[in-house]
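Bring the two chains, given one by one in their own frames, into a single complex with the hints.
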Amino acid sequence: MSIRFLFEPIALPVVAGVLALLFRREQGKACAWFCTAVTAFHLAITMYLFGKEASLTLPWGAFGFEFSLKLYQFSGFILLAAAGFGFLISLYSTASMDGRRFLNQYYAYFLLTLGLVNGAVLADNLIVMLFFWEGLLLTLFGMIIIGQPAAFSAAGGSAPGGKTAVKAFIISGVADLCMMVGIGMTIYIAGTMTMSQIHLPVGAWSSVAFIFMMIGAIAKAGAMPFHSWIPDAAVDAPLPFMALVPAALEKLLGIYLLARISLDLFVLNIHSWLSPLLMVIGCITILLAVMMALIQRDYKRLLSFHAISQVGYMILGIGTAVPVGIVGGLFHMINHAMYKSCLFLSGGAVEKQAGTTDLAKLGGLRAQMPVTFICFVVAAASISGVPPFNGFFSKELVYDGALEAGHTWHVGWTFYAAALLGSFLTAASFLKLGHAAYLGKPAADHSKVREAPPAMLIPMIIIAALCVVFGVWNALPLNHLIQPILGESRLEGHTFAGWPTSLTLVLLTVIVLIGALLNHLWGAKRAGSGLGAADHIHNAPVLHPLYDKAERRLFDPYEIGLKIAHFIARIAWGIDRGIDYLYDTVAVNVTYALTAGIRKAHTGSLFAYLSWSLVGLIVIIALIMGGI
Amino acid sequence: MPALLIIVPLLAILALNLPWMRLMNRLALWVGLILCLIQAFLVILHPDFFWQAPSLWLGHLLLFAPTVDYLSLVMFLAIAIVGAVALMVCRYSVPSITDPAETRTCANNRFLVINLVILALTGMNGVVLANDLFSLYVFLEITAVASYILIAVEKGADAFEGAFKYLILSAVATALILAAIALLMLTAGSLSFTHVRLAMSASPHSHVVLAAVAMLVVGLFIKGGLIPFHGWLPDAYSAAPAAVSVLLAGIVTKTTGVYTLFRIVISIIGFNASLQTLLLFIGAASMLIGALAALGQSDFKRMLAYSSISQVGYMILGLGTGTILGIAGSIFHLFNHAIFKSLLFVNAAAVEQQAGTRNMDRLGGLAEKMPVTGSTSAIGFLSTAGIPPLAGFWSKLIIIVALWQAGHIVYAVLAILASLLTLAYFLSMQRRVFFGKLAAGFESLKEANAWILIPACVLALITIGLGVGIPWLFETFLLPIRSLL
Chain L
423 MSIRFLFEPI ALPVVAGVLA LLFRREQGKA CAWFCTAVTA FHLAITMYLF GKEASLTLPW
483 GAFGFEFSLK LYQFSGFILL AAAGFGFLIS LYSTASMDGR RFLNQYYAYF LLTLGLVNGA
543 VLADNLIVML FFWEGLLLTL FGMIIIGQPA AFSAAGGSAP GGKTAVKAFI ISGVADLCMM
603 VGIGMTIYIA GTMTMSQIHL PVGAWSSVAF IFMMIGAIAK AGAMPFHSWI PDAAVDAPLP
663 FMALVPAALE KLLGIYLLAR ISLDLFVLNI HSWLSPLLMV IGCITILLAV MMALIQRDYK
723 RLLSFHAISQ VGYMILGIGT AVPVGIVGGL FHMINHAMYK SCLFLSGGAV EKQAGTTDLA
783 KLGGLRAQMP VTFICFVVAA ASISGVPPFN GFFSKELVYD GALEAGHTWH VGWTFYAAAL
843 LGSFLTAASF LKLGHAAYLG KPAADHSKVR EAPPAMLIPM IIIAALCVVF GVWNALPLNH
903 LIQPILGESR LEGHTFAGWP TSLTLVLLTV IVLIGALLNH LWGAKRAGSG LGAADHIHNA
963 PVLHPLYDKA ERRLFDPYEI GLKIAHFIAR IAWGIDRGID YLYDTVAVNV TYALTAGIRK
1023 AHTGSLFAYL SWSLVGLIVI IALIMGGI
Chain F
2 MPALLIIVPL LAILALNLPW MRLMNRLALW VGLILCLIQA FLVILHPDFF WQAPSLWLGH
62 LLLFAPTVDY LSLVMFLAIA IVGAVALMVC RYSVPSITDP AETRTCANNR FLVINLVILA
122 LTGMNGVVLA NDLFSLYVFL EITAVASYIL IAVEKGADAF EGAFKYLILS AVATALILAA
182 IALLMLTAGS LSFTHVRLAM SASPHSHVVL AAVAMLVVGL FIKGGLIPFH GWLPDAYSAA
242 PAAVSVLLAG IVTKTTGVYT LFRIVISIIG FNASLQTLLL FIGAASMLIG ALAALGQSDF
302 KRMLAYSSIS QVGYMILGLG TGTILGIAGS IFHLFNHAIF KSLLFVNAAA VEQQAGTRNM
362 DRLGGLAEKM PVTGSTSAIG FLSTAGIPPL AGFWSKLIII VALWQAGHIV YAVLAILASL
422 LTLAYFLSMQ RRVFFGKLAA GFESLKEANA WILIPACVLA LITIGLGVGI PWLFETFLLP
482 IRSLL
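Line order of the protein sequences matches chains L and F.
When you read off a place in the first sequence, starting at 1, and then add 422, the result is the number in our numbering.
When you read off a place in the second sequence, starting at 1, and then add 1, the result is the number in our numbering.
Fair warning: there could be bad hints in the mix.
As the list claims (entries may be wrong) - Per label pair, the in silico range of CB-to-CB distance:
1) GLY190/F to ILE1040/L: 41 to 49 Å
2) LEU1036/L to GLY190/F: 30 to 38 Å
3) GLY1019/L to PRO372/F: 16 to 24 Å
4) ASN1011/L to VAL414/F: 53 to 61 Å
5) LEU1036/L to MET25/F: 42 to 50 Å
Keep in mind that the hints were calculated from the coordinates and are not lab data.
Beta carbons are placed, not taken as given, at the ideal position from N, Cα and C, and that holds for glycine.
Chain F on its own, in the form it takes in the complex (with noise of 0.2 Å):
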């Protein structure tokens, strides 16, 4: 029955859609929300009617049979968590237009953008649910067209910019993921991982295999923007719309190209030496050449960018230790990372909203002003650079001690470096917008509403929550990742 994680959201948009804009308006948000809710619920309740119960017949419209682990629950309950944040702040941020004659006009409005955001979870749950390749790349295409129009909507010089930039890579990435699936379907004869998997044993030193792996990977890693195929992600990420952003840098590149990344590796093609030592090599290049290059900007969602690479090559690493304590810590940290970041888009997202700017240089002193979201931040920022008690600390941690573990000592040292990088930066930013004097001319501001604070405060509930609980955490959630190896 997972199979209706993808058909249910489909179905949804179809109903949406039906004539009654007027109704259908008001309604989208609910639904929307309601679905990422029961999706949350459905991971963290765990009821095996749903998990385990063989497919109705709504589950033969798919072309495969689903199968679900804890990296696939993992992934579920953040989808869920980061849709449902992204679209409050669509509420909170997007114009709502109830004229069904302008609707038709106007790209930018809330009805809109909600389809497009439901259409997304309904690609990433795909993704995730996936276990053959070609249905994987239909599912990453899904999201991906999502993505190029959600990040377009807003019709800007900025908007059509970021948008060119991902849909030029990530058409770059598909033809190579394409080519790479007919290869192995050569190879195989079949896509299912299963059948690659043993056809890639059968014959491991083959040039055609080879040749595939090399391109599946290269694809993935832009997917996942990670350096150097990561030219397009600081451009979209800081030109999509407030929840846009929020997605994108929370979930949808972290589905598309970590997630996929991880079961492509570690269902198919296994580890090796050079395949670890390119995953450790990207992963470090990414985490540092990403957290310099924060330190150098000074609007706030692009920094945020900047520090989501350098995040996504901390996931690298652990990955590319090829052992359960760097996986488990790898996938941990994806999720904190889901909810971190997506904490600190928000956040941005209501200071772009309230103050009109995202440039860091004409802001300040914004906590006085905006209490909620200035201590939001804090939390946001500080489990990001790894404070301890809070999330983004122990899953660095188990992230360092799993390298050194491995004898990765150089890369454990770089991954504490760059620990101290993503404190100075984000200490920065957290100086330059929100402490310190009130910067001129912002001396009406509002805090933002209860939209936005909403999901901020849960966000930031989260973060120290999975921090505290870690003990828990680490004996319920984390060691069974020890059953995907």
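Next comes chain L alone, as it looks inside the complex (with noise of 0.2 Å):
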């Protein structure tokens, strides 16, 4: 195949985005089709490049640096399901996002990151990567920016878009350099930038290289302590953005990097402690931001905290470095990427017929926007792993891969109950939040809500029925998509479709979601409304305190880094007063004392001159006739 159709997934979407900044303010709709135009053209290439294999290498710049692309299996599998979304996504902003200001820009940046994604997946130069990886800091300043017109008033950053924007972009940056270090340890351990190329063993200076890269890799996917800046970005930046970029593309960017590196970079197996590192990252991912999205009153705000604690599941999948858990944590992956965003995009056509994401005034859609309602069913049954939907799949791969790892060790079955707890928080807060919008009473003034248009149905229904195919079909991803990354070598035969194995561990789950549901209706009772369906768990006694601080951002790593940062400052504030003191007072005070002295003894008298040189005489006389 033509060595020049590697670049288009790159130059496409680049150059689109380019061109789509020309469009005037007053042609946004025509700028919203001109990209869907050019993202449904992406989905063909990408459609036509799947399965291929092919790869690239041009010299670039100096030092040797080397611009190579690699497409195969796994690469042109994150090109399709990426392209997918765009598509989709672009589809639906034609209507979410009509009349909005900064269309141009919205759209320019929603084509940059498609490229600059697609370049991340298909770079095979580490420099090459992270430069893809690193422009996409720029994309996401931008979406998060114009979400919040405000933001370009003359208050500048101290709106609320431009310090979401700041903060998204000071936690990726720092996450960043923290790859760009990795990235820098590996090459030199490796002694070749080519990603193809390099396979290190884990041995004390790579692992730590390992975790810098691990830890640019999950901070992109979302997983904590890098998450902070997304339950932010739910309520500032446009909604396709967040059903794009942070449930979607990220996801599916990050994963894919931990995927590389701890298949292909590095040879991770069970018993080194990266695994355990990377399952307990996973874990406490999944139970702390499942814990805090229970408690969410906003629709767009409870989803961006299941968008992290979901990658939880994922981290873990793939840090069991078992096959059944890599296979699991992949497939939850693209799971997750389309029910997540089908749910956002189910938040934006509620906010955009209804007017509101606050869960106390909503209520009762279901009756005018059915549609929109049993897509967000199947996506929240999906995310809660019900049966026989897509989630419930790749959940029970990635516990039967924890089960599996956790043999090694004591307690090793503690991340399979961590695990299931996230599952049954997950219902309890997907039940919370269907029963609050679309269950109910109607809420008085939403009378006149409508369904919403076409444009942004269509998306929502085929990510929906793709939940579904992805489900009772599950063959079909597994085999085709999922199982050929790791190559029939790790598999050694086996193969992960199908129902699984265990009826145990389905038993368990399905347990599991009867008493999430049980939880509720007690919970709903108890609180008159399904909204306050979890507030005896807000409320439990030592959890309560806990919460408060957590709203309140105590816990935020930004805000503590902002904290930190600024009493460092003060510190070296005061340092560079005490140097200023010493130079502006001290040292001139000093001099000046000197000067008045020196003044004061030259009265201009001849015979104080002529004594100091007699004196200077002597002392000189006495001095060279001694001395020498």
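Shown next, in the form of structure tokens:
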């Protein structure tokens, strides 16, 4: 196949993105359809590319850097998925973003993001990958800041959109810096920049390099503690951005890199300490984020915490380093991208039609927006792991992996337990969300709410349908998309398609889900509304003060980092004042005191001057005659 | 034939004083300028027939056979440049009196000043050419006598005070030098540098020799205006007429004090530990105290005078290292100092003449009205403070590097600190005189005329050119100084 096709996934969106900037303000609609057409064409090309293998190496710049791209099973799959989401969400945006300001910028960042993600996925050279990876910071910042036009006003960065954009930029920047260090170390240890040639055993230094690169990868995917910009962005940024970037593309990219470094670049195995480290990070992310999700009272904010929580399953799965766990993690990645973007899109539809995402003001939308409701139910069931939707199968695989890996340690079952508890809380919080938004009494002023326009419904329907397909016919994605990534040598002939092998685990899952339902019903009855169904957890003795502090962002690593930075800045300021005092006051006063003394000595008296000379003469004669 | 550098100016002075007063009045300036230019071109083009050929019969008028080395050439060039500048400032600031009758009664007239300047130049050429102690002494006195009169030429109370202080302290110096020469004569039986050197190395611990060395060194310290022998210097520099200040600060004290000290230390005494300690200490003291004192001045010329003390300190510090690099740096600094300090005194002359005062507290914002003076002054002070890429930076850098290499780290640090002080007082000078808002009363101020702007621009260009051309200069000009040792 022709080499130039390899450039297309990068060049087409980037060039189109730059062109999108040429649209004038009143041409927003044209710009939207231009973007949709480009993404559709792009999707067609990635479909053509999928399953093919090709590589390309060009000399690039100085110092022996090479611009090398490599297309193979894994990158082709990510490319295809990204293109699919790009097309659907672009289509969705034509309706949902209609009439907003800065549309040309929005679509430009949209396309640039797509192109940069493709570049990072295709890159076969660590430096090239870093180049595209860092480029994403730019579009991330741009996408968030245009969500709040006030950010452009005279107030500048003090507007929430500006603040959130800066927060996202700094958190991602710090993580990217870690990755840069990791890449530098990896290149040094491996002696090459070509990713397909690096296979490092886990040693002392290479594990440090791995951790640095892992930080970059999981931070991109949104794992704790690099998550805290996502809930803020959910409120401030345009909604399709949430569906596209944190829900879909960043998960694809982050987990792609995590899988690459765990499978290819470093030879991770169950006996190294890196594997349990990843699993611990995964479990903590699952639990803490879902706990936060449970108490949210805003549709989008609640979803954003799940976007963090679900990453935990993927990290847990890949961290197990056993085939079943890795397959589960990767399968969960694509499943999550689907149901989470579908959920965000449903949130966008609600926001567009009802004018708010505050759960306290919503209710009873089921009758007015039936299609949206059905899509929501499918996606919520998927994320909660209800059989036979896709989330159920990928979670079961992750459970399998966690248990298999856990055999190595005495308390290995805790990983499974944590994952299962996460599932319980996920189900509980989605029952609460669905109950509060779609069921219950219709809110008074929402009587005129109508179903969303087709351009918004079609993407939701397609994604929801795929959730069902990937669940019921899970052999299709597993055999054709996921398992080839690991390769026959790792799978050793196993296949993970079909119904889960362990009936016990399935039973446990079902019991947990029923438990979640009962818990919800009890809580809703106790509080009198769907929204209050989780209040008994929120108000539990130990949890309540913790929740309070978390809501006040006392646990936000960004805020803590800012406090530390302010503290250091104050110390530095004090030191600076001290040095200034030394120079401006002490040094100057000493100098002027000396000057005054010298002036006083110079009276103009010839007698004095002669005496000085005489004394000087005597001393010098004494020195020379005594010294030589 | 280098003897012509003494004989031709002497003959020129004689010729200028022939009876055709009116004609001579007009010719004097041009004669002086042409002499200076010829001298400068002789150094720059370096024609062998002049420097290498044996003396003609004229040369026998001298009591000694002049010798020339790199150090002398640098001095000749500096003397020629500063001399020409001083003459041009004369043309600008000293009134011309053409009536022959009045010329006799009024001392402050251009013709007289120009004659004395040429005489001082002759004396300095002689100091540089001399290779025996007695001739050296004679030429020192010629220069000094011309200087006393030049300082006093305006006849004010200040002028007399400055001249008197210079006269008295110089007399002390003369007495010391003469006594030292007598003692050395006693030991060596001859006064030529080579003989004295041989005699000294024959009996290095003789008390007579040591006393002579001490007195000689102190005498030259007084001439060079080093701390604590500097009492005469600020008064003399600030009281002298503008043109004379340029000459005195730029070259006279540097030739009679610093160059002579270099020559005597290098050619006769040689380096030893206690002499080096003395030089380093006196150098550092002059450098720091001069700079601190300059910081407290409000008189433009007095500040420049203290700055001169400070800069001479650098030169002595470089000599004190006793290394080739240090001496090369010092000689380079001496030359640079001749350029930038003359430049600053030229600017001071312009300010004094145009604004009528040198008190920096009453001046301000003059750059608006006198842009050329203001900007050349900035170049001059930046070079003095050692800001790259101006020439002053390189010479200071070489001195500091030499100090560091020779292990005198404390002195190197002090030299850097003094550089900061230099920048401090000159920045305050520049701000008080040239920058900021125009001070009241100077609304109708005019820029000085070409007689002062041309030398200012030329000197500024030289200081920039030397700084930018340092790689070339270092190879062709500084490294050959090695042959001195």
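Results of checking the hints against the structure:
1. At about 29 Å, the CB distance of GLY190/F to ILE1040/L disagrees with the hint of 41 to 49 Å.
2. Take LEU1036/L and GLY190/F: their Cβ atoms lie about 31 Å apart, and the range 30 to 38 Å holds.
3. Look at GLY1019/L against PRO372/F: about 38 Å separates their beta carbons, and that is not inside 16 to 24 Å.
4. Take ASN1011/L and VAL414/F: their Cβ atoms lie about 21 Å apart, and the range 53 to 61 Å is violated.
5. Taking the beta carbon of each, LEU1036/L and MET25/F are about 45 Å apart, inside 42 to 50 Å as hinted.
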